[in-house]
Amino acid sequence: MTKAALSYRHTHRFGIAASAVLLMLAAILVPLPAQAYTPRAHTLQINARAFAFEPGSLSVRRGDTVTLVLEATDTVHGLYVDGYDVNLVAEPGKSATATFVADKEGKFKFRCSVACGALHPFMIGELNVEPNLPFVRALLLTLVGGIGALAFFWK
Amino acid sequence: MKREWFALGIVALLVIVFPASLFGYQAWRTNSSDARVIDVIASSPENGGWSPDEIRVNVGEHVRLRIAAPDVVHGFEIPALDVRVDEILPGHVQEVEFVATRAGRFPFACTRWCSVNHWRMRGVIWVSDPAQPALPAPTFAPPLYQQLRIDIDAMHPAQNIPPRKPSAARGAQLNLRVDADFRTQSPDAVFAKLRADAAYDAYDDQQLWDAIAFAYFQNVGAENIANGARRYARDCAACHGERGDGQGPAGKDLPGLTTMHPDMPRGPANFTDASAMLGASDALLQGKILRGGMGTGMPEWGSLYTDADLWSVVAFLRTFTFDDPPAP
Amino acid sequence: MNSPRFELTRIPLFKRVVTSRWVPWLFMALTLPIFLLAILTGLFGTPAGSRNFGIIFVWIVWWALVILVMVPFAGRLWCAICPIPAPGEWLQRRALIQPRAGGKLFTLGWKWSPRLNNIWLQNISFLAVALFSAVILTTPFVSALVLLAFAALALGVSLLFERRVFCRYLCPVGGFIGLYAQLAPVEVRVKDAALCRTHTDKTCYRGSDDGYGCPWMVFPAALDKNTYCGLCSECLKTCPLDNMGVFLRVPGKDLQTTKGRRLDEAYKAFIMLTCALAYSIVLLGPWAALKETAYAVGAPAWFVYAIIFLAANLAIVPGIFLACAWLTRKISLHKFSLRRTFTEYAYVLAPLGLAAWAAFSLSFVLINFSYAWQVLSDPFGWGWDLFGTANWTWTPYFAGLQSFLQIPILLAGLIAAIGMALRTAHTQGVPSRAALPIVAFCAAFTMVLLWLYV
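Residue numbers (the numbering used here), protein chains in the order written: chain A, 1 to 155; chain B, 1 to 328; chain C, 1 to 454.
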């Protein structure tokens with residue numbers, strides 16, 4: 001390769017890297033279209049037993065007011081929602097309730113917070129606050145980053 | 001060669017002395033105590049229950065129980081000696097100290113709902129008096145339901161059902177005096193007696209029921225209801241439900257559900273069932289709690305509850321059929 | 001080939017440390033009692049895993065240290081301080097510090113079978129641990145038995161065979177540390193290859209009065225990848241020409257060449273990738289039935305789980321990759337055999353797998369790290385409170401931010417994998433587009449993990 005071609009290639013690569021980084025920033029920051037939505041109030045009952053939450057997945061929309069009712073069916077269990085810092089402890093005959101506004105969108109794992117046996121650390125469910133914008137952005141980021149990497153390393 | 005020995009010495013120190021000191025520390029913790037240390041392991045009944053489930057101590061002895069819970073959350077109570085630990089978290093050790101002042105054989109039990117067999121998790125503590133080797137003879141009076149010869153296994157449906165759920169608050173406004181012994185008489189029987197009495201002709205059925213509700217709660221008092229409520233939440237609600245409807249999560253697959261006589265109602269008693277509750281006297285309800293359900297999955301509480309505790313739970317049960325109990 | 005590197009051993013203090021015979025001993029003397037404590041607490045401590053030192057310090061603290069810190073930043077550093085081979089090595093040498101004359105070892109001197117001169121046994125041992133992980137990770141007693149078995153095996157093997165046969169061929173952890181150590185920015189290498197050619201004694205491999213021949217059975221003079229270099233520093237001590245050095249380098253340099261890529265190492269990459277995915281689904285997903293099945297060892301449903309788990313690791317994921325490799329081969333006009341295409345591209349999965357493991361580990365490590373403070377004060381769960389932290393409550397760290405840490409890690413893994421895939425194509429002398437099926441595989445894998453985590 002001649003020196004000129006080499007330097008052209010370097011400039012070219014720099015351009016690719018710079019545009020990829022800009023596009024990735026855009027994927028993080030670009031406002032995503034939002035649908036008009038009137039928030040609702042939900043009361044969601046979760047039954048906890050070793051080592052399962054039933055239902056294991058909950059779905060609400062951003063802005064909804066969520067009342068979680070935790071009922072333990074076999075022994076003492078807790079429910080801690082990542083990111084919302086909600087912590088409930090229930091026992092058969094003593095259910096527990098918490099109300100909060102689901103103001104952050106995304107997927108939040110909830111997990112048992114009172115040791116209940118071997119699989120306790122893996123007693124996990126998930127609260128989906130839709131629309132799951134972090135996931136959409138992560139996918140965009142992966143696409144832009146992946147295509148950028150392809151272009152960057154392509155010969 | 002000198003440095004080899006030095007290195008080997010350090011390794012030996014770390015590999016032998018370090019672990020030995022850990023076990024030594026544990027032994028020291030046990031033996032250096034001025035109290036007698038007894039290790040107790042609290043496991044759910046299917047994992048072995050209490051270990052040991054028989055504890056022997058002497059009157060006047062300073063005892064320290066070290067209770068460990070390897071599986072799930074447990075509680076511990078010796079009601080007769082007023083010793084309790086409300087919460088033993090898995091992997092934690094809770095210590096409780098006591099000095100037994102009287103000889104006897106006292107049951108202890110788990111106080112947290114630890115499994116479907118939680119109520120089987122009981123043990124016995126023997127307190128002996130070295131000065132008096134023989135245990136004192138238990139003082140025993142037959143419970144009220146036996147004295148009254150009430151068949152607590154039969155159904156006693158109420159003959160009269162109130163049009164609406166009776167309310168103590170409405171009853172309070174009637175200024176109506178009701179004299180009745182609720183321990184021996186069911187609310188239904190009290191109502192029948194009032195209805196037959198011409199002196200009460202001015203009041204309709206609902207008013208009489210409201211007056212009965214008010215009189216009942218006046219009679220048992222707010223303190224008893226509050227004590228009953230605490231015990232109900234701790235010991236009963238898992239099967240009978242927080243709302244008393246018999247739909248508690250732990251009552252769904254009791255052994256009695258499959259082996260009970262087909263004519264009997266299935267599952268934990270429903271305390272919101274007006275017919276069953278109004279047809280039952282306090283003595284009957286107390287008998288049920290005291291003796292248990294004989295194979296239905298309903299445990300006996302007579303050995304863990306004092307008489308006053310039993311009556312207070314009965315008083316609380318009435319709040320499922322009578323509205324507006326007095327606030328403590 | 002001449003990528004920039006910086007010789008750390010030029011720093012006098014650093015050099016003194018790595019050439020000291022006391023330092024490896026010191027680290028092992030520190031890790032050995034901790035390892036011993038992990039076994040003792042597992043055997044005699046509380047069965048409640050969250051309050052047992054053995055579970056928390058092995059599967060949370062040690063694991064986080066290895067996969068999030070040591071492997072990505074220092075390769076096989078753990079292997080240099082691991083206590084498991086220590087007793088065997090000390091017995092082999094009949095010395096802890098002082099080298100024997102000529103680096104002589106005391107063993108039965110058995111020869112390791114040349115047919116096993118690969119990491120298939122490590123692939124199997126890792127899969128065996130992985131298959132029972134739901135039990136091993138949560139049951140202190142079982143966890144301790146597994147650690148004991150490793151220690152016993154390492155000791156036994158070191159009496160029969162020369163050098164670190166356990167580490168090199170058997171250790172379930174060593175396999176993947178080796179694979180991912182190639183990504184690390186640290187290496188032990190020859191300073192000047194020309195100088196080695198003048199030195200015929202090869203003391204770096206045979207040992208000398210100053211130290212032992214490479215315990216990892218690598219010829220240090222020809223070292224060109226980190227996979228089997230245990231960073232034990234013997235070669236720095238045995239080289240009479242002071243021609244070995246520790247270098248900072250471009251991360252992942254070992255993976256820039258496709259030379260010497262092997263099917264056993266390729267399979268390591270598949271197993272690691274599949275296990276990261278399987279754990280993310282089974283252990284961290286919201287599907288309780290899966291967890292219970294994985295835990296119910298011996299039950300009929302568990303056998304179904306075991307078959308699916310093993311099939312996914314050994315056949316399904318490699319099979320999908322094989323289909324991609326088949327396409328790649330078609331695009332590159334059948335220049336190489338399918339086996340070679342498959343094997344050489346499989347190394348692309350190293351950065352992808354390390355990123356997946358880092359993302360997976362981050363979630364449970366941050367959530368459960370606070371248990372470490374409790375078990376420090378009460379290692380056995382016997383009611384001790386040595387440092388006043390025994391009753392600190394469980395506090396998940398960064399609970400809502402995990403996915404924001406996981407996304408950039410997975411993305412970095414993907415970008416590195418794409419770069420490697422294209423470089424593999426270029427090294428093979430085929431057009432860039434040949435790598436597209438492999439890139440698609442990596443992108444799809446990353447997206448599945450994102451769907452699970454975010």
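Some hints here could point you the wrong way.
Calculated cross-link-like contacts (lysine-lysine; reagent style BS3-like; alpha-carbon spacing at most 27 Å) [what the hints assert, rightly or not]:
1) K155(A) / K330(C)
2) K259(C) / K202(C)
3) K202(C) / K111(C)
4) K104(C) / K2(B)
5) K335(C) / K155(A)
6) K191(C) / K225(C)
7) K111(C) / K225(C)
8) K165(B) / K193(B)
9) K15(C) / K335(C)
10) K2(B) / K15(C)
11) K94(A) / K165(B)
12) K191(C) / K202(C)
13) K191(C) / K15(C)
14) K111(C) / K15(C)
15) K259(C) / K191(C)
16) K335(C) / K259(C)
17) K15(C) / K202(C)
18) K225(C) / K259(C)
19) K202(C) / K155(A)
20) K330(C) / K259(C)
21) K94(A) / K2(B)
22) K155(A) / K225(C)
Worth flagging that the hints you see were computed from the coordinates, not collected in a lab. Quantities reported herein were computed from a predicted structural model and do not represent experimental measurements.
Here's how the hints hold up against the structure:
1. K155(A) / K330(C): Roughly 19 Å separates the two Cα atoms, so the pair holds.
2. K259(C) / K202(C): The given pair, whose Cα atoms are some 24 Å apart, holds under the 27 Å limit.
3. K202(C) / K111(C): Holds, at about 20 Å.
4. K104(C) / K2(B): holds, 20 Å
5. K335(C) / K155(A): Roughly 18 Å between the alpha carbons, so the hint for K335(C) and K155(A) holds.
6. K191(C) / K225(C): holds, 14 Å
7. K111(C) / K225(C): holds, 24 Å
8. K165(B) / K193(B): Judged against 27 Å, a Cα distance of about 19 Å means the pair holds.
9. K15(C) / K335(C): violated, 47 Å
10. K2(B) / K15(C): Measuring from Cα to Cα gives roughly 25 Å; hence the hint holds.
11. K94(A) / K165(B): Holds - the C-alpha atoms of K165(B) and K94(A) are around 25 Å apart, at most 27 Å.
12. K191(C) / K202(C): Given pair K191(C), K202(C) holds - Cα atoms ~15 Å apart, limit 27 Å.
13. K191(C) / K15(C): At roughly 14 Å apart (the allowed maximum being 27 Å), K15(C) and K191(C) satisfy the hint.
14. K111(C) / K15(C): Between K111(C) and K15(C) the Cα gap is close to 34 Å, so the pair fails against 27 Å, i.e. violated.
15. K259(C) / K191(C): holds, 21 Å
16. K335(C) / K259(C): Satisfied, since the Cα-Cα distance of roughly 16 Å is no more than 27 Å.
17. K15(C) / K202(C): holds, 21 Å
18. K225(C) / K259(C): Status holds; Cα separation ~10 Å.
19. K202(C) / K155(A): violated, 42 Å
20. K330(C) / K259(C): holds, 22 Å
21. K94(A) / K2(B): Distance of about 67 Å is beyond 27 Å: violated.
22. K155(A) / K225(C): It holds: about 26 Å lies between the C-alpha atoms, which stays within 27 Å.
Hints 9, 14, 19, 21, counting from the list given before, are not met by this structure.
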